[in-house]
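Q: Chains as they are written, first to last, in numbering that gives the first Met the number 0: chain A, 0 to 537; chain B, 0 to 135; chain C, 0 to 336; chain D, 0 to 279.
A couple of the hints might just be wrong.
Claimed, not checked - Simulated pairs of lysine-lysine, BS3-like, Cα-Cα distance not exceeding 30 Å: (1) B:K47 <-> D:K218; (2) B:K35 <-> C:K162; (3) C:K325 <-> A:K11; (4) D:K266 <-> B:K123; (5) B:K39 <-> D:K187; (6) B:K5 <-> B:K31; (7) A:K378 <-> C:K85; (8) C:K325 <-> A:K380; (9) C:K325 <-> A:K313; (10) C:K85 <-> A:K5; (11) B:K123 <-> D:K106; (12) B:K97 <-> D:K235; (13) C:K162 <-> A:K362; (14) D:K190 <-> B:K35.
As the list claims (entries may be wrong) - Not close to chain D: a few residues of chain B, all C-beta gaps over 10 Å, as computed: (15) G3; (16) A28; (17) K31; (18) H54; (19) W61; (20) A68.
As the list claims (entries may be wrong) - Where chain B lies over chain D, by a calculated footprint (3+ residues, C-beta under 8 Å): (21) 74-85; (22) 159-169; (23) 200-206.
Derived from the structure by calculation, the hints contain no laboratory data. In this text, all values refer to a predicted model and were calculated from it rather than measured experimentally. The C-beta atom is built at its ideal place from N, Cα and C for all residues, glycine as well.
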Amino acid sequence: MAEEIKPEDLLKIDHRPPVRGWMNIPVEIKPGMHCHACEPARLEVVDFPNPRQWSAMDEDWKLPKDWKQIVMEGFEDRLERFRSFQLFMDICVRCGACADKCHFFIGSADPKNMPVMRAELLRSIYRRNFTASGKVFGVFAGGRDLNYDRIKEWWYYLYQCTECRRCSIFCPYGIDMAETTIIGRELTNLLGLNIDWIAAPVAFCYRTGNHLGIQPHAYKEMIEFFVDEIEDVTGVRCDPSFNRKGAEILFITPSGDVFADPGTWTCMGYIMLFHELGLDITWSTYASEGGNFGYFTSHEMAKRLNAKMYMEAKRLGVKWILGGECGHMWRVVNQYMDTFNGPADHLEVPENPLTGTVFENAKSTKMTHIMEFLADTIKNKKLKLDPSRNDQLKVTYHDSCNPARGMGLLEEPRYVIKSVCNNFYEMPHGTTREQTFCCGGGAGLNAGEDMELRFRGGLPRANAVKHVHEQYGVNMLSCVCAIDRAVFPALMEYWVPEVDVTGVCEMVANAMVLEGEKEKTVDLRNNPLPGRGDTEDV
Amino acid sequence: MYDGGKIITGVVIGLALLTFPFWYNLGRAVTKADPKLPTKEKQCVEPKAYMKTKHMQLLDLWRDSTVRAAKRSYIGFNGVKYDMSLQNTCMSPDCHSKKTEFCDQCHNYTAVVPYCWDCHIPPKEEKPKEVKPKEE
Amino acid sequence: MNIILSLTVSFLAVFGLVVIAFLGVWAAHLDVLFGVIIPYLAVITFFVGIVYRVVKWGKCPVPFRIPSTCGQQKTLPWIKRTYVDKLDNPSNMLGVVGRMFLEVVCFRSLFRNLKLQFGDGQYVKYTSAKWLWLGAIVFHYSFLIVLIRHLRFFTDPLPLFVKVTENIDGFFQIFLPTLYQSGFLLGAAVTYLLLRRVLDAKLRFISLPADYFPLFLILGLLTTGILMRYVLKTDVVSIKELTMGLIHFNPVVPEGVSSLFYIHLFLVSVLFAYLPFSKLSHMAGVFLSPTRNLSNNNRMVRHINPWDYPVKVHTYEAYEDDFREKMRDAGLPLDKE
Amino acid sequence: MGVNRRKFMKIAGVSVLGLGAVPAQVLAEDGLGFTISETLLHFFHKPAGTVAREALTAKRWGMAVNVRLLDDEMANACMEVCHRIHNVPKIDNPKHEVKWIWPDEFKHAFTSQEHEHIEEGLKKLPFLLMCNHCVNAPCCRVCPTQATFKRESDGIVLMDMHRCIGCRFCMAACPYGSRSFNWVDPRKYLKEEDENPEYPTRMKGVVEKCNFCAERLAKGKIPACVEICQEMAKKKGTEPPLVFGDVDDPDSELRQLLRSSYTLRRKPELGTSPNVFYVV
């Protein structure tokens, strides 16, 4: 649908909100701007309430009879359990600093997409029902009664937030819209209101171990297919192991990398890397998912899905866990995993077997990011690299929201990229590092049916890419996030068709000089390498 | 309470700062302004209520008139003519001959530090009573 | 609630307060009510309210450690971390203290503010926008200075810091009584904060009566204060007798205090009583924000969730049961044959 | 003025502002003045009061110094009386020196007219120097706060000490070095018993200079230096060396002197048009 809207038409955006007050503007659920409602089967797998067939475009969403009570009790319960939620409901002064920071507001100009406004949708109900002034003065104290339309409004706008936290860094009180969205989504899930693009991966992940529902044998086959591909390109045969007890390291990466381009090439990169370094490492078909769509559902679901990591590490008796390139996986690993499912006393503090470096920063969680691991390995010259093999690329780097604002992984990937590429260009200030823009499809919104929302939300990021493309001829957008790799190809195709998308490990693999490799003429994508093969130099 | 130690410490510090005036004044005697009126002169240039709140503006007016416009005669509300001069009229020996017993009383009480006396010479008084709050 | 209604409601509320105080003192001679009872009640409400509010926040646990990281994390020793990184992404208590100091004292996050420029509609651009930061800084600090200056009515003798503050504030020695810059800066800042709410379409959209009311209230305070000091004049000695009586818990209501003062005092009382129950409680809340006051050391030190509970998980055994045949066929190792 | 002015203001204010003035007046509480307009007047420095009947007035005050009649004793007496009544401190450190009127040699007073064959007598005569109260006073032009200004009524260049911020632009602008800066607190150099209680002192950090005894003129007295010279000349039986009068009045004693004698002004080429004349 959105593909039919021309970019220049999509750019006709007027950021001036209407003069009319927002409190009584009814929600208008627009096609292309939301994801499909969740299928009942998904909810049944994980025992979630109110499974039924419904659609957002329906008048009746088939809520449970006592939905108001459920919401109110859920609201109160979360106010008591989360200081963040209670505080964020109380202290916002509506200074507006966050207003124009949200990529969805920038791209859609829907005033309720201003982070402050999205939170006000919950806050107004909070004030009316849980504060004295709201109970007495009602609308004059900024309070609104909960009604059917408000629930629809919540659902529509809470699933138009990618929990990227960009607003939170500009807030003078650190009010984090992501936190409000997470808890708001918990409330919608109490009524069986979710989107299928989240509910389905959750259900899959719960049973098969990964979001895509890849069963163990298929998972192994896919990896082995990559092994063949690698052999074709390099002449080297890698030998990854699965569910192997007694391995030193367990490797966990988002399943998206196993499933679709350009993630697959990144995945090949991992395989080559582990082979070349000779790591005692195993893949798991059970903990075959680093990502955690449960985190886009509720804290509890996040914990349920996350539990697999430590459980599998314990079962296999590994010493530590290495994590692949993923965005929200790393927010969960960095800020939640140890609290959810720790302490991981059965593991040891990660130590790079090649360099002897002990990753002190992961001494409790015992899980290290592949960029940290790679940066250390490259710094200690344990990898033979030929950056000129990437000379056909002019690379820019997209800081994924979660590693940037929920972790602080900024320099490691840059160091790795600069070690394997000769042409690296930063996007403009204000769109990178902690101020990075979301890809527009995070937090479970990278579905096919909400393309307009994704194109609008991805506009600021695409714009920055366009800038470096025009300025420096950048033709490759690199990132360390599987959702990015899933979202960006379509986004680039729409806004900056000349730019392709890659994971960092793919570039590392291409630059790597493998022991016993044949003379390489193509890269992992079967594109001719510069100065080699029979095509002209780029 | 969670993080109780830190929160209570914070609250205590906050309350201690906010209640500063209460505990600062604890045990201090209540002072009072007690300006002594001149014995000889019975009437000021303007009524008492006016002078009480607006003397500084009158003096400001006086200084502008005398210094800048060469107008030095002021006709008081009772029709009497006065020389507009802080030192020679207000603070003359016949009127407010003691700054410490008049000006300083209210000024010290309300912590007002007028800069008049940076230049203008107050009337001579017996030394021991001198309590001149000189601000830098 | 639209802009006109919001502005009207909040303006009328403040105007109503002024009228109540004026009539109460001028017509009904309720000097004791407005000079003693209401101020005491307001101060009690303020203290009880703010403690209640903080305790309420304190009773809520912080289940997860979720700082917003705004700089490079602490990882490999050779990866350079600037002071900015250490403060914006603290890895220890010292960093958190520094971050909170910058946040509370320098409004660090607002300083980061940018303004969206959609230009010709082709490019999204951000330009530096420090005006909100400046307005906020001027507002808060001049308010603080005004408060400190008012201690001259509540202390005897004057503490040194009050004298120093007054001297700095009246440094230019212009006008008589000496003009205090803070009052006028505060006025300018409040006006700016009010105008941006009215003139910026986005701000207009998000603003509620609760946003305009405190601004009008402070404007009312300022106006009455400035009128008393510079224009209509009032008997400061009597006022200090009243205020010192309050402080010594020995209230007196002197003669000759103008109704203007009572209006001023009433507005202050309302502000104090209103503070803990409104967005103004950000004064205390800013210290408790979990995205700012926690260090990003989750992978080093385990954070405990006090209400953690066991959840239903899909174990490996169940998984193997589901896929045993397929796994065996694929040559994957099995726990149970 | 006084009550009448305020009554007028009250009536005018009430009628102009209509109902709005009623609460304002009530708020003023004492009911004695409609103070908003009063304050406005005050803000724009509208003067109150009148010129006293006994005051000496002129269009343009000026002075002639007949150096031939002046001796060191008289010159020192002028300086002494002026500095005493104006509370000018005596500071020995020449860097911190403050002076309103002082004698100096011809070569310093008239630098451009000095040459090696100058009349011997002239060389030793005390030239009394002070502020020239120039018609085109450069000091007034440069003052950023109008602390130094030329009084419109009589042309005296005056200092408003309340306004002086000590920037010393005026000192740089004055071609005659007539201005002194208070580098130190002058009160430290004034003995309490020597202070003239009728005149203020200055504070540290302001500029000061001769004011042609404006405070004495207001009371009908001529400048102190002129007065003391007259007394001393009378005792000696000579003509007074200092003549004070209205430059604008053709019949004044000063104008008669200027008509009959050859006079010099300091640095006339600068176009400041001094109002102090020297009879040589």
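Q: Take the hints in turn and mark each one as holding or not.
A: Against the structure, the hints come out as follows:
Of the supplied pair hints, the one linking B:K47 and D:K218 holds, its CA atoms being roughly 28 Å apart against a limit of 30 Å. Our distance criterion of 30 Å between C-alpha atoms is met by B:K35 and C:K162, whose separation comes to about 26 Å. Under the criterion of a C-alpha separation no larger than 30 Å, the hint pairing C:K325 with A:K11 is inconsistent with the structure, at around 53 Å. Restraint check for D:K266 and B:K123: the C-alpha separation of about 45 Å exceeds 30 Å, so the hint is violated.
For the hint pairing B:K39 with D:K187, the CA-to-CA distance comes to about 33 Å; that exceeds 30 Å, so the pair is violated. For the hint pairing B:K5 with B:K31, the CA-to-CA distance comes to about 42 Å; that exceeds 30 Å, so the pair is violated. For the proposed pair A:K378 and C:K85, the alpha carbon gap of about 22 Å is at most 30 Å, so the pair holds. Between C:K325 and A:K380 the CA atoms are separated by roughly 42 Å; this puts the pair beyond 30 Å, and the hint is violated.
Only pairs whose Cα atoms come within 30 Å are accepted, and C:K325 paired with A:K313 is accepted, the gap being roughly 23 Å. The hinted pair formed by C:K85 and A:K5 fails the criterion: a straight-line CA distance of about 45 Å is larger than 30 Å. Between the alpha carbons of B:K123 and D:K106 the distance comes to roughly 45 Å, so the proposed pair goes past 30 Å and is violated. Under the criterion of a C-alpha separation no larger than 30 Å, the hint pairing B:K97 with D:K235 is inconsistent with the structure, at around 44 Å.
Restraint check: the Cα-Cα separation between C:K162 and A:K362 comes to about 53 Å, which exceeds 30 Å; the hinted pair is violated. For a cut-off of 30 Å, the pair hint linking D:K190 to B:K35 stands: about 29 Å separates their Cα positions. With a least CB separation of 49 Å from chain D, B:G3 remains clear of the 10 Å interface cut-off, as annotated. The Cβ of B:A28 lies farther than 10 Å from every Cβ of chain D, with a closest approach of about 30 Å, so its non-interface assignment holds.
The claim that B:K31 lies off the interface holds: its Cβ sits roughly 22 Å from the closest Cβ of chain D, which is beyond the 10 Å cut-off. In this structure B:H54 is separated from chain D by more than 10 Å, as the shortest Cβ-Cβ distance comes to about 13 Å. The claim that B:W61 lies off the interface is violated: its Cβ sits roughly 7 Å from the closest Cβ of chain D, which falls inside the 10 Å cut-off. Against the 10 Å criterion, B:A68 falls within the reach of chain D, whose nearest CB is about 4 Å from its own CB.
Check result for the stretch 74-85 of chain D against chain B: violated, 0 residues qualifying (beta carbon to beta carbon below 8 Å, three or more required). Given a C-beta distance limit of less than 8 Å, the hint that chain B covers the stretch 159-169 of chain D holds, as 3 residues qualify and 3 suffice. Residues of the stretch 200-206 of chain D lying with their CB closer than 8 Å to a CB of chain B number 3, which satisfies the three-residue condition for coverage.
This entry does not satisfy hints 3, 4, 5, 6, 8, 10, 11, 12, 13, 19, 20 and 21, going by the numbered hints stated previously.
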